[in-house]
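Colleague: Sequences listed follow chains A and B, in order.
Mapping the first sequence onto the working numbering, position 325 (from 1) lands on 325, and the numbers just tick up by one.
Mapping the second sequence onto the working numbering, position 213 (from 1) lands on 675, and the numbers just tick up by one.
I should point out that these hints are in silico values taken from the structure, not numbers from a laboratory.
Treat each hint with caution, since some may be false.
[To be verified] The list that follows gives simulated cross-link-like pairs (lysine-lysine, DSSO-like), each with its CA atoms no further than 27 Å apart: (1) A:376 <-> B:673; (2) A:407 <-> B:465; (3) A:376 <-> B:560; (4) B:530 <-> A:376.
[Said to hold, decoys possible] Sample of chain B residues at the chain A side, in silico, Cβ under 7 Å: (5) 472; (6) 545; (7) 588; (8) 591; (9) 650.
If you're wondering where the values come from, they're calculated on a predicted model, not measured in any experiment.
Virtual Cβ for every residue (Gly too), placed ideally from N, Cα, C.
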Amino acid sequence: MLKFYIALYTAKIVRIMLKILGRKASFFPGRVAITICKDFLGKVDKPKQIIGVTGTNGKTTVCNLIIDALKQNNYKVLDNSFGSNIDAGIAASFIAGVNIINKTKYDITVLEIDERSSPKIFPYVKPTYLICTNLFRDSIRRNAHPEFILNILNKNLPEQTKLILNADDLISSSLGSTNEKIYFAIDKLDTDKEQCDNIINDVRICPKCHSLLKYNYVRYHHIGNAYCPNCGFKSPKPNYEVTKIDYKNNNITVSISTKGTKLISKYRLISNSIFNIYNMIAVISLLSELGIDIEKIQNFFEKEKIIESRYNKEEVDGIKIISHMAKGQNPIACSCVFDYIRNEKGKKEIILLLFDLFDSKESSENITWLYDCDFKFLNSDDIDKVIIGGPRAEDFYLRLLLANVPKEKLAFTEEIDNTINYLSLDKSKDIYILFELYDEEIAKNLRRKIEIKIKEKEGGVS
Amino acid sequence: MLKIEVLFPEICNLFGNPFNVKYLKNSVKDVEVINTQLTDTPKFLSEKVDMIYMSPMTESSQELVIEKLKPYKENIKKLVQEGQLFLIIGNALEVFGKYIENEDGTKIDGLGITNLYAKRDMMHRFNSLFLGKIEDIKIVGFKSQFAMSYGDNSNNYVFDVIKGNGINKESKYEGIRINNFIGTYVLGPLLILNPYFTKYILKIMGVENVKLQYEKEAIECYEKRLKEFENADTKYD
């Protein structure tokens, strides 16, 4: 135990020093603690209830919603939103949560858990509930394929953890063969398709008998409702199901099935995107499982807002500029953003800044993901121009040509600032800037320059 | 009319590889693509096809593919001897080897068409750029894999390694080639990235003097990438 206390006190001192220096506390104290005491995560005192959130997309949003909801309902909540979602980040939050005799000050903790870090976390931190939002293809280099991530989670999952899973995702819903499970889903929508129109669908065959699956409906990629005509395997039945999305009245209807009874309730819609509706139903499932009254959950959504850090919209002299983060190296995330943009109303011009900033400095970016990504969605009548900037501009240009986007709609340049020269700055056309996570500053600078150019143009005219 | 048989596209479809076949189809007139699923009988058993193509897959899919092709092992061997063109990408080449070994020492028997065997290391993914050569054609590409292959391929490899690794970290020979059986760990849109290699492959199928889809743009990308890959400062891992 001596090693543990040395680790704890050193980490606490590091934490205070970082604060004095005006630095963010981050995961660093946690890294220090784990370096000194390998099983620090096991020994540090933890709140009685542990909520884990993992999955490819939506982790942060789901965590933030749960934290806000629990705080509103007077829980003392510890979370790792200041640090990171790897073992050191989680250790850092527990360090912040205990006093000097290693007693936690909190009732409950909500932890965002990186899927790949779970082997370092689950042996010591055993969630009461674990939400897995979904599992998709992500970066080829880090995540390989979703089955790999599923296997990592499965190998390390504590037996006693109750799982809250997405019934519309046949990869993540198969998690935990012996764990108790609760499922959420969104019922068939008018916009669902009979056949997948994405390049990637990672669930095409039955996991039991390997025959081709049939989909009752496909939403995007492998998200939907499927069955096997050969052996009868089918998507799990949800306990929590969104049965209606009413965009006009801004609410969703949820059917909760418990012990043979069905309870219908309505919640204010906090975002129009289908991804956030999945996030909402995951949160409703958890809060309800924790025993929080439906009325209280409804009240929470009445006032809650989603912080759209990845999205910014403004209007300069009548021209709308919309910046949208799209994780580069992630074909699913980019396909979803492309799909979203093509369905937005009005004529548009798009600037793509989706290159990997780090790779372009020292190496040459692996561009295989471009051929997993649905660039065909940018071949749309309302999209007048696609301007590609950055060191991989030619690769994107070729990929867009191969997606049958007409040559005259395309422009490419290595110089980011040069992309502006291809914009029409016509008031009838909205400008979209799609940027990679690490290109955020570059995108911000570009937006500022576009604003200046619009204003100059306006000034020149008047 | 060219016939390309794509084996098991419902599970062998990782990392943008299916686009290679699309590129061939769009570049050459009259290409028939036959998509053979796990529940189908492979076409190559009953009729002549010009190319048999397989993309990388998950580890569990490798086992399904081995099981599926096992009964046709002798047919495949005969086709390889007769010079049938196979283009087998990424870990699909491990299916045709002697065996695949897991970290715990357990082995999955392969089809035994090649003399290589593979070893998995699931917690250490190997990512690298690749610069190689076939005849006088330089090849640029990417590797991203859990397993490496071992065995002597010094007389039957696909690409000479200029920079990067061959079939394993010590190897200077990339891939396995038996007549026109071509298996390589260089994955992704290999044919789009390497227009001259695409013409080399088409030549094996008897197609010459072809203008590839957006050939000019593809060559520009290839030349830019080649310059980057040949730059001594470019990091490979």
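Colleague: Evaluate each hint against the coordinates.
Modeller: Here is how each hint holds up against the structure:
{"no.": "1", "hint": "A:376 <-> B:673", "verdict": "holds, 23 Å"}
{"no.": "2", "hint": "A:407 <-> B:465", "verdict": "violated, 30 Å"}
{"no.": "3", "hint": "A:376 <-> B:560", "verdict": "violated, 40 Å"}
{"no.": "4", "hint": "B:530 <-> A:376", "verdict": "violated, 34 Å"}
{"no.": "5", "hint": "472", "verdict": "holds, 4 Å"}
{"no.": "6", "hint": "545", "verdict": "violated, 29 Å"}
{"no.": "7", "hint": "588", "verdict": "violated, 9 Å"}
{"no.": "8", "hint": "591", "verdict": "holds, 6 Å"}
{"no.": "9", "hint": "650", "verdict": "holds, 3 Å"}
Hints 2, 3, 4, 6, 7 from the list above are not met by this structure, while the remaining hints are.
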